[in-house]
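*Asks:* Chains as they are written, first to last, in the working numbering: chain A, 13 to 412; chain B, 366 to 994.
The hints are all genuine.
With a Cα cut of at most 27 Å, we get these calculated BS3-like pairs of lysine-lysine: (1) A:LYS172 - A:LYS202; (2) A:LYS218 - B:LYS495; (3) A:LYS197 - B:LYS628; (4) A:LYS172 - A:LYS197; (5) B:LYS744 - A:LYS130; (6) A:LYS259 - B:LYS495; (7) A:LYS384 - A:LYS218; (8) A:LYS41 - A:LYS150.
Honestly, the hints are just simulated from the structure, not real lab data.
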Amino acid sequence: MRAKNYFVGAAFALLVGGMASSVRAQEIKIGEINSYSLLPAFTEPYRKGWQLAVEEINAAGGINGKKLVVISKDDGGKPADAQTAANELVSSEGVAMLAGTFLSNIGLAVSDFANQKKVFFLAAEPLTDAVTWSKGNKYTFRLRPSNYMQAAMLVEAAAKLPAKRWATIAPNYEYGQSAVAVFKKLMSEKRPDIQWVDEQWPPQGKIDAGPVVQAVAQANPEAILNVTFGADLVKLVREGNTRGLFKDRAVVSFLTGEPEYLDPLKDETPEGWIVTGYPWYSIKTPEHDAFLKAYQAKYNDYPRLGSIVGYQTIKSAAAILAKAGSTDPEKLIAAAEGLSVGSPFGETTFRKIDHQSTLGAFVGKTALKDGKGVMVESSYKKGADYLPSDAEVEKLRPKD
Amino acid sequence: MAFYVVQFLTGLASAASLFLVASGLSIIFGVTRIVNFAHGAFYMVGAYIAFTLTDRLSGAFGFWGGIVVAALAVALIGVLVEMVLLRRIYHAPELFQLLATFGLTLMVEDLVVLIWGPDDLLGRRAPGFKGAVDFFGQNIPSYDLFLIVLGPVVLGILWLLFQRTRWGVLVRAATQDRDMVAALGVNQKWLFTSVFAVGVFLAALGGALQIPRDAVHHAMDLRIIVEVFVVVVIGGLGSIVGAFVAAVLVSELNAFGILIFPKISIILVFLVMAVVLIVRPWGLFGRPEAPARRTPGLTVNPWRPLTSNERLASLAALGVAAALPLFAGNYALTVGSEIAIFVIFAVSLHFLMAVGGLASFGHAAYFGLGAYGVAFLAKMAGLPMIVCLLLGPLLGCLGAAVFGFFAVQLSGVYFAMLTLAFAQIVWSIAFQWVSVTGGDNGILGVWPEKWAASPSHFYWLALGVATLVTIALRIAVFSPFGYALRATRDSALRSEAIGINVKRMQWTAFVIAGTTAGIGGALFAYLKGSVFPDNLGISLSVDALVMVLLGGVETVSGAVIGAIVYKALNIWLVSQTDLSKLVLGAFIVLIVVVFPKGIVGMLEMLAQRRKGSSPPGSTLLAKPIGPAE
Numbered sequence: 013m014r015a016k017n018y019f020v021g022a023a024f025a026l027l028v029g030g031m032a033s034s035v036r037a038q039e040i041k042i043g044e045i046n047s048y049s050l051l052p053a054f055t056e057p058y059r060k061g062w063q064l065a066v067e068e069i070n071a072a073g074g075i076n077g078k079k080l081v082v083i084s085k086d087d088g089g090k091p092a093d094a095q096t097a098a099n100e101l102v103s104s105e106g107v108a109m110l111a112g113t114f115l116s117n118i119g120l121a122v123s124d125f126a127n128q129k130k131v132f133f134l135a136a137e138p139l140t141d142a143v144t145w146s147k148g149n150k151y152t153f154r155l156r157p158s159n160y161m162q163a164a165m166l167v168e169a170a171a172k173l174p175a176k177r178w179a180t181i182a183p184n185y186e187y188g189q190s191a192v193a194v195f196k197k198l199m200s201e202k203r204p205d206i207q208w209v210d211e212q213w214p215p216q217g218k219i220d221a222g223p224v225v226q227a228v229a230q231a232n233p234e235a236i237l238n239v240t241f242g243a244d245l246v247k248l249v250r251e252g253n254t255r256g257l258f259k260d261r262a263v264v265s266f267l268t269g270e271p272e273y274l275d276p277l278k279d280e281t282p283e284g285w286i287v288t289g290y291p292w293y294s295i296k297t298p299e300h301d302a303f304l305k306a307y308q309a310k311y312n313d314y315p316r317l318g319s320i321v322g323y324q325t326i327k328s329a330a331a332i333l334a335k336a337g338s339t340d341p342e343k344l345i346a347a348a349e350g351l352s353v354g355s356p357f358g359e360t361t362f363r364k365i366d367h368q369s370t371l372g373a374f375v376g377k378t379a380l381k382d383g384k385g386v387m388v389e390s391s392y393k394k395g396a397d398y399l400p401s402d403a404e405v406e407k408l409r410p411k412d
Numbered sequence: 366m367a368f369y370v371v372q373f374l375t376g377l378a379s380a381a382s383l384f385l386v387a388s389g390l391s392i393i394f395g396v397t398r399i400v401n402f403a404h405g406a407f408y409m410v411g412a413y414i415a416f417t418l419t420d421r422l423s424g425a426f427g428f429w430g431g432i433v434v435a436a437l438a439v440a441l442i443g444v445l446v447e448m449v450l451l452r453r454i455y456h457a458p459e460l461f462q463l464l465a466t467f468g469l470t471l472m473v474e475d476l477v478v479l480i481w482g483p484d485d486l487l488g489r490r491a492p493g494f495k496g497a498v499d500f501f502g503q504n505i506p507s508y509d510l511f512l513i514v515l516g517p518v519v520l521g522i523l524w525l526l527f528q529r530t531r532w533g534v535l536v537r538a539a540t541q542d543r544d545m546v547a548a549l550g551v552n553q554k555w556l557f558t559s560v561f562a563v564g565v566f567l568a569a570l571g572g573a574l575q576i577p578r579d580a581v582h583h584a585m586d587l588r589i590i591v592e593v594f595v596v597v598v599i600g601g602l603g604s605i606v607g608a609f610v611a612a613v614l615v616s617e618l619n620a621f622g623i624l625i626f627p628k629i630s631i632i633l634v635f636l637v638m639a640v641v642l643i644v645r646p647w648g649l650f651g652r653p654e655a656p657a658r659r660t661p662g663l664t665v666n667p668w669r670p671l672t673s674n675e676r677l678a679s680l681a682a683l684g685v686a687a688a689l690p691l692f693a694g695n696y697a698l699t700v701g702s703e704i705a706i707f708v709i710f711a712v713s714l715h716f717l718m719a720v721g722g723l724a725s726f727g728h729a730a731y732f733g734l735g736a737y738g739v740a741f742l743a744k745m746a747g748l749p750m751i752v753c754l755l756l757g758p759l760l761g762c763l764g765a766a767v768f769g770f771f772a773v774q775l776s777g778v779y780f781a782m783l784t785l786a787f788a789q790i791v792w793s794i795a796f797q798w799v800s801v802t803g804g805d806n807g808i809l810g811v812w813p814e815k816w817a818a819s820p821s822h823f824y825w826l827a828l829g830v831a832t833l834v835t836i837a838l839r840i841a842v843f844s845p846f847g848y849a850l851r852a853t854r855d856s857a858l859r860s861e862a863i864g865i866n867v868k869r870m871q872w873t874a875f876v877i878a879g880t881t882a883g884i885g886g887a888l889f890a891y892l893k894g895s896v897f898p899d900n901l902g903i904s905l906s907v908d909a910l911v912m913v914l915l916g917g918v919e920t921v922s923g924a925v926i927g928a929i930v931y932k933a934l935n936i937w938l939v940s941q942t943d944l945s946k947l948v949l950g951a952f953i954v955l956i957v958v959v960f961p962k963g964i965v966g967m968l969e970m971l972a973q974r975r976k977g978s979s980p981p982g983s984t985l986l987a988k989p990i991g992p993a994e
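Whenever a hint applies, use it, and build me the whole structure from the sequences.
*Replies:* Below is the structure:
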């Protein structure tokens with residue numbers, strides 16, 4: 013009698029255990045890493061974006077019938093901690109691929125980790141050209157338009173300006189340095205008549221805006237390139253407005269049209285800056301309408317660019333996993349190379365040659381509307397049109 | 366010409382903002398000797414509350430009233446913090462209060478995001494000071510002019526307060542010799558509380574006054590805290606006039622420096638501080654500290670080597686740690702390796718702090734130099750891993766030898782700040798010298814060779830090195846050199862009198878500690894496969910300090926436990942929750958209150974009490990590098 017009970021118990025335990033493991037086998041996990049605690053202004057909308065994507069994917073039946081699960085970790089803005097998180101996701105959680113990251117150095121650290129451990133990595137946000145070019149590797153793909161692409165988009169508009177004397181203001185770290193370098197190079201190619209009369213390199217997050225603005229004004233440029241963003245941008249704009257730096261001067265500015273950075277400027281938004289960004293209010297395409305409706309219904313808030321990046325990262329990852337039909341990294345790479353994925357901005361492709369997505373960006377002008385900053389006259393620039401020729405890319409990227 | 370005048374005035378306006386915050390820090394440090402890491406947090410909360418108040422209240426009265434009320438409200442919070450938290454730990458070992466204020470800062474950073482949301486906030490412009498004044502074709506914001514006037518006004522008020530009131534007399538007396546003030550029957554409790562309140566008020570006022578020209582956001586505190594410390598130290602601790610002069614000096618050098626070297630801002634304040642401290646070891650207006658009357662609490666609980674039972678227990682703990690690969694997975698082993706490396710790092714700083722009595726705020730420099738040493742050797746020279754591991758730390762050794770020579774000429778907080786300055790200089794070189802160090806994108810691809818590549822092998826390697834390092838440093842503590850070093854810590858005058866060359870002893874200790882940290886850094890480079898300027902950064906230096914203080918600075922090897930607890934908890938929390946800073950901060954504050962001598966220090970004290978009058982027993986198990994879970 014007693015022995016029989018034991019037997020029933022054991023059988024039951026086996027059954028439950030078996031069910032649990034079969035549930036687990038029906039899941040596909042993606043490991044996601046970002047600087048949640050360091051950069052909440054970007055990462056909160058980003059999180060909402062990818063959560064929406066997960067919901068939509070699972071509502072539509074998951075990935076080849078398997079449920080998609082995203083396990084998300086904070087890196088605190090430190091490359092070393094990002095690697096710890098990546099390691100946990102790969103070793104303990106057994107994720108099929110890594111995704112995410114914001115800062116360039118963290119993107120590079122995780123990409124190097126992926127290369128070493130042979131794990132597929134989809135970099136979401138890091139802009140540095142090194143991710144796909146000088147330090148590119150076969151396991152790493154990148155979603156957002158790189159520094160080079162955004163610079164090329166802005167140069168197209170900037171070269172039409174009559175201005176000949178240019179000054180630059182950029183945060184003193186790799187992102188600012190390479191943005192300025194690429195912009196200068198492309199600009200000087202199109203307009204050999206241009207002079208670069210001043211450059212300012214405030215430390216990221218620590219701009220002493222008054223002296224910087226004054227120093228730029230002293231050089232009397234006709235146009236200014238700005239690469240600062242976030243709190244630095246707010247300080248720069250406020251000082252610049254008060255001191256009249258932007259009066260009668262053209263300004264070309266990286267990222268300033270993104271709601272994350274434009275909205276905090278409120279009624280102090282300077283008008284007429286040529287910027288890259290995301291005018292969610294004026295994009296009228298069916299793909300974007302669907303995204304916008306779903307996002308607003310779920311969160312009762314408007315999307316930021318981070319929302320798009322988060323959403324599209326997971327959508328792309330799901331498309332790659334679905335096409336590969338496997339979690340083997342080599343098969344994932346094969347599936348991703350040349351894969352076209354729909355996005356709220358239209359169709360994008362992961363290029364085979366350098367693993368860069370052709371997701372584009374909007375270029376437009378800033379304006380004030382009802383005491384708030386908006387982007388006007390904006391148009392979508394396809395990423396594919398702003399990349400160097402294949403021969404040049406071959407030279408930039410180390411052979412796998 | 367007009368331009369230079371305007372640039373000068375702009376510099377003065379920056380100086381005024383800096384001075385407000387710095388003066389508060391200087392007063393607090395002068396009297397209570399608290400290194401108030403939370404000063405930046407109070408500054409930030411002042412800005413946030415002022416933002417809310419000025420947003421709700423309309424008109425000029427609403428704006429200025431909001432600013433003042435915000436500063437008063439934060440001062441009230443400061444009083445609460447002082448009475449509830451800091452009062453309990455004034456008698457803890459020096460710098461222990463740093464741990465408490467560090468915990469608070471962590472909590473505040475998460476709390477402001479929870480309360481005010483993640484977006485950058487744009488405060489109102491000050492009514493009446495919205496525009497600019499034309500000065501020979503150059504624009505000066507009228508708010509800048511307001512700040513330029515406000516700075517000296519606050520300086521004047523503080524001067525009157527200190528020179529003309531009884532409270533001021535007491536504060537000055539306490540700044541000079543607080544033991545004597547206590548001996549004369551002054552109620553120190555209320556003196557300390559009031560001083561803390563005034564200091565926090567000034568910090569919050571400084572933050573609140575930034576809202577018309579800055580964005581209010583959750584990283585404001587970090588942006589200002591280090592700079593303010595530097596200003597206070599350049600001026601001379603406890604000197605208000607010094608803080609003012611230093612703020613003007615730093616701001617003007619920056620305003621004009623960027624005209625010639627646009628990239629100077631990133632390092633300028635630290636360069637100025639290094640130069641000032643080398644030339645004037647107590648800052649511009651500071652006075653040499655009187656020789657300490659009390660010897661540290663160590664005399665109560667003399668150090669001794671482990672008894673044979675304790676040795677066996679340590680060995681058993683080491684055995685358990687070494688057996689970890691038998692049952693733990695790859696992730697746990699990698700975390701274990703990281704903890705072992707941080708044990709090396711923490712014991713190296715602990716050696717300097719506990720045995721040498723020299724608290725370094727820039728110890729990460731030598732850790733990072735070790736890591737860069739490995740990266741250079743491995744990537745540029747292509748040397749094998751063993752050679753890199755042996756030679757890499759020499760870069761840390763070299764850095765410690767050069768910087769240590771200058772640093773040991775100083776003592777106390779001045780020593781700490783000079784080490785910080787050197788660390789920042791090294792950091793900025795790694796950050797700026799892109800062609801060699803790769804800048805902030807770092808050096809990638811420094812992975813271990815096959816024999817050490819598997820997580821278990823690397824774990825054994827790290828554990829083995831950590832064990833050797835800990836044993837070696839313990840041997841050093843109980844060697845004649847260790848005794849001499851402890852003598853210099855307990856009384857520099859007496860040890861000099863018996864013929865010990867104090868500076869040389871301290872310099873040797875500095876080099877030993879730096880080299881050891883370099884060993885940790887070398888392993889870290891291979892663990893992560895990459896090296897970034899972060900490895901030299903302030904936050905890593907602070908981590909090391911926290912580990913040492915958490916373990917107990919009056920113990921022989923408390924840092925081992927401190928490192929294990931802090932690192933394991935940190936990794937676990939970051940993995941489990943997005944509010945890791947809030948939880949970790951609360952945990953640190955709790956530890957500070959419950960274990961005012963650090964974890965190991967407290968355990969030792971308890972064990973001693975239980976044994977009654979028998980010789981004090983150390984419950985310290987020297988090397989239990991436990992699993993991470």
